[in-house]
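Novice: The primary structure of each chain is shown beneath.
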Amino acid sequence: MAAPKVAVVGAGVIGLSTALCIVETCPSSSVTVLSDQFSPNTTSDVAAGMLIPHTYPGIPIHVQKQWFKETFTYLFAISNSAEASEAGIHLVSGWQVFKSTPKEELPFWSDVVLGFRPMSKAELQKFPQHRFGQAFTTLKCDCPPYLLWLEKRLKAAGVQMYNRKVADLWELHREYDIVVNCTGIGAHQLVGDKKLFPVRGQVLQVHAPWVKNFIRDGDGLTYIYPGIHRVTLGGTREKESWSLSPDPGTTKDIFDRCCSLEASLQEAQDIKVKVGLRPSRQCVRLQREVLSQGGVKLPVVHNYGHGAGGFSVHRGTAKEAARLVGECIAALQGSSSRAKL
Amino acid sequence: MRVAVIGAGVIGLSSALCIHEQFQGLVPSLELEVYADHFTPHTTSDGAAGLWQPYLSDGGNLQETLWNKETFDYLLGHLHSPAAKEMGLFLLSGYNLFTEPVPDPSWKNIVLGFRNLTPKELELFPGYSYGWFNTALMLEGRNYLPWLTNRLTQRGVKFFHKKVESFQELFSQGVDVVINCTGMRSGELQPDPELQPGRGQVIKVLAPWVKHFIITHDMKSGIYQSPYIIPGSEFTVLGGIYQFGNWSEENSAQDHRTVWERCCRLLPALQTAKIVGEWTGLRPTRPQVRLERESVRQGNLQGEVIHNYGHGGFGITIHWGCAMAAARLLGSILQERRKVASSPQPRL
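For the protein sequence lines, the chains are B and E, in the order given.
Read in full-length UniProt numbering, the first sequence has 64 at position 64, and its numbers run on one by one without any break.
Read in full-length UniProt numbering, the second sequence has 116 at position 116, and its numbers run on one by one without any break.
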């Protein structure tokens, strides 16, 4: 068959990184990105982009670790290159602190990040309400820069990107041979996945350039993540809330919680409030499916449901999705050559 | 009792504040004045990046190590105060890099979380095979000096914009004790062949993605002659120049190239950083800090001088320990003159 036409639906970190992996591993294909939102209006743009994994209850740990390791290695190389500032990738060190010692003192990712070790007594003195902590160095993907950098690489590889609202994957069957569904929370409506639910997160992005270290409470609710130009203060985890409107009471609560971890944030300026809906699921939906109507088939690869861990595993899941696209291409070529017989 | 501080860099202003805090209540007649021909932002302290880090080896000088520790602990105690941001004080983590294993420094237990670098971390720095990671403090002169000035002004300390030509000049005006914090130009008040410039040149860039200090070391060349990168609250300082005996305060094009090329090799992304300034300063270098009393007499003019100069490239690192030591020396003088009301020597 002629160059297989692949449509990637979704232009957040998952859609763009998946499109890039497909370009890299399936060079014969022609890839197009379709999305109703591009940076700076995607869910990814709200996220701080810290490489600290979220644990998915429904995925074996060794798989999650593999995805995280692939992502970390990929970004580590970029952070070390001349493109680091354009791509928005930078190293950041800091502390994860716990009010009570966690059951698991060594998370599965402790040997992937850099320099992981328990905090010393002297370091813990800075956090009088916390009794235990971990110090490490990890990577941060600032958005929009990272998404814009991915878009630039895609354009350079000949990938077209269109602003288009896809109401039904089937509508793409005439123009495309394979569809890759990276629609994040949009999949709830697009493919009717009831196992996918939003976990609402509100964050503050503030000007506080003297904050150079990250601080995260082990409960995952309160965190301070210094980005290139702004520090992200978070956050909330509101299951099943679909509201994208910032809540002023929540803003004050986040600010107070972060100031109790880092007093100097009282002097933070120019507070911007953002909301994102984490596309949450027991496990990432990373699988092939074949849609068919009236004898016509449309292979689909799903890659959505990354919840709070999108940035941490994006490259790993993108590579897996690209591999599945490769399988779809092989299957199509197999059946088309059978059709010739 | 008139006490005059000469010099308004970090040493002069902090000595003045420490003295005023310690003695103002105990010595009601204390009049404290600061004399300087340069004030912030035109002092040597203003150009320094502001990283708390002593030299690699204390050369057996335990006194200086103690003063460094006192300074770190004092600053750490202020981290949570509302004044921290105004002071230009914040935590900063980072890397010290070497081409061979070296002994641990005297300050390893002073800073936070000191450890060796892992092999994976060293992959970030080709050419370096050994290193340390730790969390230290930044105290930016361009914020700290104005903060000190405000505290002193609030306390009623008087400032005089004038170049003092001799200790006698002040004694003849009725000053009882001079605190000599004149840094590089101390030799103009009293010749000191041990005091020499350690010329440094830095490039200031906008590189807000850099969140760590990176200091490389070339054990053969000596301190500060190997590239370093120190991110501040507004810009990042690139450096790596130390020229002993060079008095030139002009920026040199060759030194600019040296710093720029070496730092870009260390951190390739710097090539896209925007240069926003360049600065040359003279580190007031001495085999050890001169911190001692001296009775100075000329004709019928006599007075006490407390010298506090020669802090090289570690002025900010050591300043508070030295300020407290200078205040203790003043305390001795006050005791001798029975200027202090009958109370025990204040605990400093």
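Note that these hints are calculated values from the structure, not bench results.
Keep in mind that the hints are not guaranteed to be accurate.
Stated by the list, open to error - Just a few of them, taken from the derived set where beta-carbon distance is under 7 Å, the chain E residues facing chain B:
no., residue
1, K108
2, L112
3, G113
4, P119
5, W209
6, K220
Just so we're clear, the structure is a prediction, and the values are computed from it rather than from any experiment.
Every residue, glycine too, gets a C-beta built ideally from N, C-alpha and C.
Novice: Work down the list of hints and note, for each, if the structure agrees.
Specialist: Hints, one by one, checked against the model:
1. K108: With Cβ-Cβ at 12 Å, over 7 Å, it is violated.
2. L112: 5 Å, holds
3. G113: 5 Å, holds
4. P119: Since the shortest Cβ distance to chain B is 10 Å, the answer is violated.
5. W209: Hint on E/W209: holds, closest Cβ of chain B at ~4 Å, below 7 Å.
6. K220: Constraint on E/K220 not satisfied, violated at 26 Å.
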